Amino acid sequence: MALSGIQIYKMLPQTNCKECGFPTCLAFSMKLAAKQVELDDCPYVTEESKTLLAESAAPPIRLVTLKGQNGEVQAGNEVVLFRHEKKFYNRPGIFIQVLDTEDVAAISDKTEAASSYSVDYVGMELRIDGFAIEAASGDGATFAAAVEAVRASTGLPLILIGDDPAVLSSGLDKLEGEAPLIVGAHETNWETMAALASDRGAALAVKGGSLEELAELVERLNEKGVEDLVLYPAVEGMSTSLALNTQIRRLALKNFRPLGYPTIAFATDSGDPGRSSLLAAQAVCKYAGFVVLDTFTPDLIYPMLVLRVNIYTDPQKPIQVQPAIYEINDPKPSDPVLVTTNFSITYFSVANEIEGAGLPAWLVVTDAEGMSVLTAWAAGKFDAETIAKAVKEFGLAEKVDKKVIVIPGHTAVLSGELEEELPGWEIKVGPREAVDLPGYMKTVLT
Amino acid sequence: MPVEIPKDSWPGAVSTVTLGATSDEGGSRSSTVTIGGEQSLPFMHFEHPTPNRPVIAMEIAPTRPSDWSAVLLEAWGSTADDPAVWAEACEEAGADLILLQFGLKGTGDDPITADFAVSAVKTVLGASGLPLVVLGPGQIEIDNSILVPIADATKGERIVLGRCEDGNYRTIVASAMANDHLVLGRTPMDVNLAKQLNILMTDMGLPLDRIVMDPTTGALGYGIEYGYSVMERLRLAALQGDAMTQLPMLVNPGFETWKTKESKVGEGTPDAWGDWAERGVNWETLTAVSLIEAGADVVVLRHLESLKRVGAAIGELMVLETV
Ligand code: B12
Ligand code: SF4
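The listed protein sequences derive, respectively, from chains Y and W.
Residue numbering for the first sequence follows numbering that gives the first Met the number 0, starting at 0 and increasing by one per position.
Residue numbering for the second sequence follows numbering that gives the first Met the number 0, starting at 0 and increasing by one per position.
Worth flagging that the hints you see were computed from the coordinates, not collected in a lab.
These numbers were taken from a predicted model, which means no experiment stands behind them.
Don't take every hint at face value.
Partial chain W-side listing against chain Y, Cβ under 10 Å, derived [to be verified]:
(1) V32
(2) V84
(3) K194
(4) L219
(5) K263
(6) G267
(7) E277
(8) T284
Computed footprint of chain Y on chain W, listed as stretches where at least three residues anywhere in the stretch have a Cβ under 8 Å from a Cβ of chain Y [to be verified]:
(9) 285-293
(10) 297-311
Note that the Cβ used here is the ideal one computed from N, Cα and C, for glycine as well.
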């Protein structure tokens with residue numbers, strides 16, 4: 000549990016020496032409780048206090064970081080069961096599975112395509128996070144060759160899957176200096192797996208079919224000094240998986256340490272991509288730290304990456320863009336002016352259409368507190384007054400010589416009022432949906 | 000190592016609502032559909048087995064829709080030309096409910112009329128034995144002008160009529176009450192507005208077991224996170240015992256996703272978007288399943304492949320877990 004400022008104060012020297020930059024130890028404690036400063040800023044804390052404070056500051060779900068040759072992915076540090084209670088922090092890593100029994104050239108092709116994949120969503124470049132290589136062959140040399148084949152095409156973080164520590168070790172030989180995840184330790188191999196993980200600086204997934212099994216193994220691994228753990232609830236079916244993942248999250252948030260680790264979910268081997276996609280969607284919504292998929296197709300990866308962004312968006316802050324005049328395709332003073340709001344999804348649906356069609360335009364983005372056109376209109380944040388204010392504030396009149404402004408079709412009712420607010424400007428009502436903008440611009444505005 | 004399973008026990012429960020009526024019950028449906036009744040968060044069977052599974056309503060229109068994605072129109076082919084054939088096809092494919100959505104037009108380019116609407120509803124009732132949801136185009140006068148005669152002409156069928164919104168619920172609620180129907184209330188993604196509307200509707204004397212609520216959602220990529228969280232909050236409030244939130248929830252991923260650019264546009268889109276038809280289905284199924292995880296009792300879909308996939312997922316979610 001997090002400590003209050005007063006509780007922290009009791010563990011500080013209480014000399015008010017000011018070396019931390021604060022006038023009193025109490026002031027420093029308050030900042031520490033609010034996580035605005037580091038404990039190390041006070042040179043005089045005792046070792047004992049340090050341990051106590053570190054323990055209390057430890058998050059209920061351990062942060063686990065996987066590192067590849069380039070790129071890293073983190074899971075853990077979550078603090079709530081429902082996103083509206085605060086927010087979900089670390090988007091689950093999405094990994095694509097390959098089997099070492101596949102032809103190495105085929106492996107390279109698959110990983111090449113998936114690792115160079117990127118898709119634009121409201122101005123963010125979305126990508127997958129890495130690959131999971133399964134030692135299906137059971138042979139060290141074959142596995143090592145598969146790891147090499149993957150590494151030949153991508154430096155993204157890796158997950159190595161297999162039961163036999165010796166086979167995994169051959170794969171790990173190829174990943175000098177990285178921190179992959181190995182999957183995983185179970186009832187019979189956990190001791191050797193623990194040694195392997197510690198030796199190679201890898202994180203270790205713990206496989207178990209029940210809370211008891213998982214907690215039991217975690218405790219044994221902790222005793223061996225292995226801390227970078229990931230829970231792998233190995234169960235069949237969406238309902239059992241949902242129940243177990245929910246129970247793990249609940250217990251972790253109650254500071255039950257043996258289950259205070261991120262989880263991994265496998266949306267693989269279902270023999271049906273349609274089903275795999277929904278297993279993965281459930282994992283994204285319900286608590287997974289890492290999600291492994293066995294197929295890579297853009298038509299599925301794109302919506303999956305978007306779902307992940309949406310669920311992990313901060314509920315208090317809609318994703319928004321800066322209010323301003325955006326110049327699309329180098330507009331000249333004679334080019335048209337369009338108005339919209341600063342909600343990212345809104346801005347990008349409009350900007351992408353015009354940009355994609357190669358049409359130059361001035362896009363006036365008003366400060367609507369990150370709300371969509373209709374939401375902002377209903378909330379009184381996108382009205383004649385705010386639009387007029389933006390037009391004046393951004394000095395639109397100095398940039399264009401055609402005094403015509405196009406407003407969104409959904410807010411046609413604003414046109415009269417806006418003409419009153421902006422004397423000398425002609426207000427035109429555009430189409431309702433952004434998709435129809437290029438057509439409208441080519442016909443009506445020319 | 001013994002671990003105590005963390006179980007929540009809730010004072011409240013979602014009301015149980017039965018859609019449709021068989022001939023014994025005063026209607027003509029071959030079977031009825033019961034939703035709601037939850038006493039735990041979605042699929043936490045270990046706390047309280049989920050009494051009724053979420054169901055799927057397939058959306059159809061009285062005439063071939065002109066604004067649907069080409070992917071859908073191609074998949075349905077000529078089936079979408081005739082609401083009777085369409086409803087039958089949905090039933091055969093495993094739909095639980097038929098949702099008949101009216102637009103502003105009736106025959107050809109003429110504005111919709113009460114006669115047109117009543118006859119379309121009767122056609123659908125005649126073609127399929129499934130319970131029905133009937134929605135007007137969403138403009139107050141037109142909605143009232145068709146929903147009232149529909150309610151009168153189908154007395155006893157326990158059709159879900161909608162949508163009731165804060166500006167227009169009296170007429171619809173009154174005619175549902177007079178004719179043994181149900182209503183669908185819709186509010187724009189807000190817990191308090193949802194409660195408010197439910198209070199207004201129950202104040203008129205409509206019992207809770209005849210109301211379904213649509214808290215509104217956005218599609219994946221277009222605001223799903225707002226809908227998702229509002230649904231989670233409504234369900235939590237219901238379980239905590241807030242009576243005016245204890246209604247089953249209906250959401251419409253079909254409508255929301257198939258109007259997005261991803262599902263509607265197939266040409267000139269980035270390569271990273273992949274295959275158009277498959278993308279559209281994924282957009283719909285991912286949205287639907289996420290909302291089912293958040294507490295949806297009814298999801299409205301448009302594509303048959305989505306019906307199949309989401310139906311299978313619901314089946315899996317209803318299996319009593321084995322831990
Ligand atoms: C998500 C959402 C919310 C979210 C806010 C999301 C956000 N950041 O804006 C939340 C839950 C907070 C919300 C709140 C409210 N909402 Co709201 N919300 C929605 C919802 C579901 C989706 C909106 C959205 O994101 N659309 C996607 C974006 C991209 O659309 P867009 O901005 O309109 O842009 C499109 C077009 O307008 C066009 N376009 C955009 N710019 C331009 C510019 C030009 C020149 C042209 C030609 C075209 C163009 O292109 C875009 C793509 O086609 C809609 C219903 C729906 N399904 O549409 C209701 C909706 C907008 N909300 C509504 C209402 C009433 C509200 C509230 C007032 C009620 C409440 N819940 O308290 C509040 C107001 C906010 C407040 N006071 O805090 C109503 C508005 C009704 C009306 N016509 O007045 C709607 C329509 C729901 C409904 N049917 O009742 N809402
Ligand atoms: S440096 Fe340490 S001892 Fe000195 S005032 Fe700050 S907190 Fe107190």
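Outcome of the hint check:
1. V32: At about 21 Å, which exceeds the 10 Å cut-off, the nearest Cβ of chain Y leaves the hint on V32(W) violated.
2. V84: violated, 26 Å
3. K194: violated, 16 Å
4. L219: holds, 6 Å
5. K263: Where the cut-off is 10 Å and the nearest Cβ of chain Y is about 7 Å from K263(W), the hint holds.
6. G267: Nearest chain Y Cβ about 7 Å off; hint holds.
7. E277: holds, 4 Å
8. T284: holds, 6 Å
9. 285-293: holds (count 5)
10. 297-311: Coverage by chain Y holds here, the residue count being 5 at a Cβ distance below 8 Å.
Hints 1, 2 and 3, counting from the list given before, are not met by this structure.
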